[in-house]
Amino acid sequence: MSGGVDSSAAAALLVDAGHDVTGVHLKMAAAPSGLPGTGRGEAGAERSRGAGTGKGCCTLDDARDARRVADVLGIPFYVWDLAQPFQERVVDDFVAEYAAGRTPNPCIRCNERVKYTALLARARAVGFDALATGHHVRLDQAAAGRYRMRRAADPGKDQTYVLYMASQDQLAHTLWPAGEHPKPELRAYAAERGLGTASKPDSHDICFIPSGDLGTFLRPRLGAREGTFVGPDGRVLGDHDGAYRYTVGQRRGLGLAGFEQPLYVTAVDGETVHVGHREDLEAPALIADGVTWVAGDPPKAAALGAQVRYRGRPLPAELSDLGGGRVRVAFTAERPVGVAPGQAVVLYDGDECLGGATITSASAARKPAPPVTRCS
Amino acid sequence: MRAYLDHAATTPLAPEALAAMRPWLEVEHGNPSSQHAAGRAARAAVEDAREQVAAALGVTPLEVLFTGGGTEADNTALKGIAWAARDAGRGAHLVTTAIEHHAVLDSARWLALRQAFDVTEVPVEPDGIVDPGRLLAAVRDDTVVVSVMAANNEIGTVQPLDVIGPALAQRGVVLHTDAVQAFGRVPLDLDGWGVGALSLSAHKFNGPKGVGALMLRRDLPCEGLLHGGGQERGLRSGTLNATGIVGCGAAAQLTAATAAVQVPRLRALRDRLLEGLLAVGDVAVNGSRRLRLPHNAHVAIHDCDADGLLLALDAAGVAVSTGSACQSGAAQPSHVMTAIGAPLEGVAHLRFTCGRTTTTAEVDHAVAACTDAIKRLRDGGSALPW
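These protein sequence lines are chains D and Y, in that order.
Taking the working numbering as reference, the numbering of the first sequence is continuous, increasing by one, and the terminal residue is 377.
Taking the working numbering as reference, the numbering of the second sequence is continuous, increasing by one, and the terminal residue is 434.
Excised from the complex, chain Y in its bound form (with noise of 0.2 Å):
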């Protein structure tokens, strides 16, 4: 028995996906800018990708640029926005969260490092939610774009854009967000919101890797990062990846399609797994329980060590997340769990993440096979001697 709960990692393709994807793979090769007959069939597959990935936002297809994930996205519109807003003389300050993903949070360090721009990165309370007034109270007259994931990767708490995002419209300033985890699992009101950008990265729901898309608004200026052929509103260069766009707009579509189904799905699937988890004993849940991610079972093992347990947990055939890893491969403490102010010394910290392909069976092993690997690295006193 196998039990693969690490979707916010990556998920399964789609068969749907697939299915969309193989005549981009085994049939046809055209370049979407190629002017010919299999130029077009390439660029109508691209298109129509668009228009799918659109229509899941709620918003326009030329709103839609192409990229090579979720994590380009998120570079391209911190410095694109960054540079081409100081250029106008709008100002140099950036605002973010302590709990972003690195694509963001290492974006603007950089930005502040090397290129001489404010950073203001806002705490977040001990529930994983950044309060609105502390946010808003970081903006300036000068600050250029602030940027609030709609969802945490790790411990998935839901960010309360319905309140930031209207506040920071009055006062006319950009927000991006990052919604790779977000999308297909919470509603996102863009337009209610009014995001200027947000980031996706078609992997997170059921797409192939390598496809990422960002959302920009078209009155909204931003520089490119990648300079070339001028593709993507000359925004980002480079031969379209017509293949992985196709999949990521069938991926698109079906998520969006079967939201209403898989959302309460995948809510009883995690609450099962967590009562599971926390019948353990001495095992708490990290973050706000009722501002989450449908999928997302992040929790505080206490007296238990990370590694020995994902090795424990590896050797059942579960798979499951301890955060972040190092160049090297090593788990390390999360800048999220620093920020939620998580302990560290002699807890693991694992993340559980549901996803379409998630059966029942598959939570009642990993919760059996947690409660067996707990009770022996407990009684091994494995969390001690490190």
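Isolated chain D (complex conformation) (with noise of 0.2 Å):
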């Protein structure tokens, strides 16, 4: 139970179903408390500002909401600190792969390395069934028992990408009521139910960078890493002021005037940013390692959707695999735009959810040139 309106309302419809509900809101960070050198709430300084503003998922303000909702529900009510896992396997690979030049996913991590591991392996330790969150998937079982997920009763708020990692002994203890419905219904239905989060905004930034400022948080954590923007014919164009702050298919914020067409982030190469037109980002194919599959096998059909950022759409690919968990998707009408290593690509059969890799290259239709050296 994060504090938002989507886990509150699954909470909700859990113990109206019936069923025997504990609520677990999980602390990612520690939040400043008591003195210094006391031992208790100390870092998390990006945190300390996000607290008390409501935003992101882990604020003082978010554990009360989320408290509250369970008192009205009458179901007991838990935090767990999960400031060290999360910072271990979540905020450090983050900061690691902005390091690396990818474009991380933190929300993939954190289902596929705290929520669905951890978490889920402490509840059923300690005898519940099931893991329920809010998120917006549909879960059900096609023929011979077999777990599918599918897109979310509102296609806007679907996050099957976010859980494409899910396994089928995964979902076989997993509830996901919000999914069911659309987010308004949710929002009418916390609201008659006295839930105190029925109108809470959305949250859309990450949760542990609650100022939405990316740079601000990685500029302490991986120096300015400035350096220079080079188009497509090799040319430097200008100078950046951190290349952490360009992902690939990124148009605005560059600063880079009086070009005849809008220029676009290529690639990022270390501290040298690839600029060039849309064109040059479009990706024929892809290759990403870490397949995973939801039915545990790769699907029959080779003819898939393919999607490759989480409010991107799927465009229909086709796979072949290239063993050890890596992949090829090939697309084969439409080709995306702007693919960057590190973001999921995720792979679907109409609206179920087959599975997804994690990115490590696009073949674009050309190739950043080389900086040009200027002999002195």
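Hints in this document: simulated from the structure, not taken from any laboratory.
One or more of the hints may lead you astray.
Straight-line C-alpha distance at most 25 Å; calculated SDA-like pairs for lysine to any residue [said to hold, decoys possible]:
{"#": "1", "chain 1": "D", "residue 1": "K201", "chain 2": "D", "residue 2": "A189"}
{"#": "2", "chain 1": "D", "residue 1": "K184", "chain 2": "D", "residue 2": "D350"}
{"#": "3", "chain 1": "D", "residue 1": "K116", "chain 2": "Y", "residue 2": "H350"}
{"#": "4", "chain 1": "D", "residue 1": "K301", "chain 2": "D", "residue 2": "P77"}
{"#": "5", "chain 1": "Y", "residue 1": "K257", "chain 2": "Y", "residue 2": "L73"}
{"#": "6", "chain 1": "Y", "residue 1": "K423", "chain 2": "D", "residue 2": "F332"}
{"#": "7", "chain 1": "D", "residue 1": "K301", "chain 2": "D", "residue 2": "P263"}
{"#": "8", "chain 1": "D", "residue 1": "K201", "chain 2": "D", "residue 2": "P77"}
{"#": "9", "chain 1": "D", "residue 1": "K116", "chain 2": "Y", "residue 2": "L73"}
{"#": "10", "chain 1": "Y", "residue 1": "K423", "chain 2": "D", "residue 2": "D350"}
{"#": "11", "chain 1": "Y", "residue 1": "K257", "chain 2": "D", "residue 2": "R69"}
{"#": "12", "chain 1": "D", "residue 1": "K201", "chain 2": "Y", "residue 2": "G377"}
{"#": "13", "chain 1": "Y", "residue 1": "K257", "chain 2": "D", "residue 2": "P77"}
{"#": "14", "chain 1": "D", "residue 1": "K116", "chain 2": "Y", "residue 2": "T370"}
{"#": "15", "chain 1": "Y", "residue 1": "K423", "chain 2": "D", "residue 2": "L121"}
{"#": "16", "chain 1": "D", "residue 1": "K116", "chain 2": "Y", "residue 2": "T108"}
{"#": "17", "chain 1": "D", "residue 1": "K301", "chain 2": "D", "residue 2": "I288"}
{"#": "18", "chain 1": "Y", "residue 1": "K423", "chain 2": "D", "residue 2": "G128"}
{"#": "19", "chain 1": "Y", "residue 1": "K423", "chain 2": "D", "residue 2": "D141"}
{"#": "20", "chain 1": "Y", "residue 1": "K423", "chain 2": "D", "residue 2": "K301"}
{"#": "21", "chain 1": "Y", "residue 1": "K257", "chain 2": "D", "residue 2": "C108"}
{"#": "22", "chain 1": "D", "residue 1": "K116", "chain 2": "Y", "residue 2": "L392"}
{"#": "23", "chain 1": "Y", "residue 1": "K257", "chain 2": "Y", "residue 2": "T108"}
{"#": "24", "chain 1": "D", "residue 1": "K116", "chain 2": "Y", "residue 2": "G377"}
Relying on the hints, combine the two individually framed chains into one complex.
Here you go:
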């Protein structure tokens, strides 16, 4: 129970369906308290700025909101401190990925390494049958009892993209009641149930960067990483103030004016940010690794829909297995624009999420040219 | 079946205390500072309570100041004595221990951080007892107060005030002790130990919440934290909480009068509990077994996840404590566990504390629930993925 409306409504739906429900709020960062050096609430400088603003998903306000929902529902409620595993498995990974020039998705890592492993294991060890969250995913069982993950009833809120790594064993112990309802319906239901979170705004930011300012978060961890913009012809076009501020496909905020066509980031290579035109970004194919399949086995049909970003849409693609968990995804019709290594490619058959993998490289229509070195 | 085994967190209000308080909730309403009949009646009730607390501690009534709780008593003692001593030019150094309640520890640290005092935190031995030699070695000529708790709130270890107190008295150094947990559970010889100030909290001995007492010797200079009407020897302004104070007095009297019966009874319950917990296997006692409050069992359960165990016990109706909680309510490794060098990874540290209302059936239920939950959590490997 994050303190948001989705998990609040999910808990209420389960209570009303007659389940024996216990609420848990995950504390993902140390909140400041007491005096310095008292061993309570050190670190988490970024978080402390978020505390009290009601933004993000792990502030004191959110913990209180979740607790009050549990009070209304009459269920036990606990706060579990996951700050350390979250830091090690999600935040550190996030920083390391940016350091390597990739664009990580921390929500995927959190689901994969915290919520659906550590949290689910603990819940089951304590004696619970299932872990329920407020994620917008529809879960059902196909023939032979196989669990299927399908697009949410509210397509605009669908979260299959960040849960593609779920296994049959995990899904057998998972409930996603919010996924069965459009968001306005959930809000109305929460209001009707008297839950204080009914009209709370949706969170959009990365929960551990409540300010939304990625540069301010990364600079103390990665240094400035100033460098140059290099154009499609290899010419240096200007200086930039930090490579991690730029993501493949980005157009806004480059500060490069006076060009005939709009320029996009096509690649980030160390301190060098390659820019080019829209057609340079079109990827006919990509390579991804760490592939997982919801069914346990790869799909039989090779023709699938492949989605390369959270709020993207699936494009027709063909899948080929490269072995060792690596796959090649070739786009057969429309090509995606701006495929960022580090993001996930998630594969769909209609509205069913089949699985996914982490993008390692995209084969660009045109390779970014090496920077031209000047002789002095 | 429910088992409330968290009497160190708080205790149920004794029927005797409730009976004493009732008229002060339902009928009487006078301000003890008023001169008229209603005020005089309230004043008389407060003074009765002061005598009850003084008698229970073996001090004179004017040495008892009522506060808003144990935390306020600790804050007043540490800051008030330190300020007054520095003003008198006696120095600006405090000595305390690493296992004090945060009301003492953070008061001392605040004095160091914001008020330019010098603070020495003396570590404790692995059995949770401060070594008197180490403590006394930290005392300097400019030491203005030494604060050592009578017994620890988490692991229940009883500190050697019988050795520390007289040695400090000989050197003319003031001793404050936080006796919030110790009162009514171990004998407190305030005169023999030369205690200058002592903190109590009513709800830890079956009185109401929101009331505490500071025993402060009359010749010991101390500044107050709250300024205003000048109540409580001018050290604690604010209209006296007559209802709470009456309850505090009744509970103190009850505690003192029944200690001879309660202490052996609590010890027997605790021993039964501990025996049952140790029988689970890979369970160890934290802190000295001998120098320990009679109602406290604090155990390290190896290969077991603390949050999961607390949840499982809660579901089974067993109320125990895992130590401190942060603002959001998450359990955190306590400074006491760190101070005694207890292992933290994959170990559940649980505190069980018995009280006046605890029965053998409750203890047996808790042992059964614990045995079951620990076994399930160990089988589920819950301590591993974190």
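Pair hint K201(D) and G377(Y), alpha-carbon separation not exceeding 25 Å: Holds: K201(D) and G377(Y) sit about 22 Å apart, inside 25 Å.
Given hint P263(D) paired with K301(D) - CA-CA distance at most 25 Å: Roughly 41 Å between the alpha carbons, so the hint for K301(D) and P263(D) is violated.
Restraint status (C-alpha distance of K116(D) to T370(Y) at most 25 Å): The given pair, whose Cα atoms are some 23 Å apart, holds under the 25 Å limit.
Hinted pair K201(D) and P77(D), Cα distance within 25 Å: holds (22 Å)
Distance restraint between K423(Y) and K301(D), which requires alpha-carbon spacing of 25 Å or less: Since the Cα atoms of K423(Y) and K301(D) sit roughly 43 Å apart, the hinted pair is violated (cutoff 25 Å).
Pair hint K201(D) and A189(D), alpha-carbon separation not exceeding 25 Å: holds (12 Å)
K257(Y) paired with T108(Y) [C-alpha distance capped at 25 Å]: Answer holds: K257(Y) to T108(Y) is near 24 Å, not above 25 Å.
Given hint F332(D) paired with K423(Y) - CA-CA distance at most 25 Å: Violated, at about 52 Å.
Restraint check for K116(D) with L392(Y), where alpha carbons must lie at most 25 Å apart: holds (22 Å)
25 Å Cα cutoff - pair K116(D), H350(Y): Cα-Cα ~24 Å, so holds.
Straight-line alpha-carbon gap K301(D) to P77(D), limit 25 Å: violated (45 Å)
Straight-line alpha-carbon gap K257(Y) to R69(D), limit 25 Å: Satisfied, since the Cα-Cα distance of roughly 23 Å is no more than 25 Å.
Against the hints set out earlier in the document, violations occur for numbers 4, 6, 7, 9, 10, 16, 19, 20, 21.
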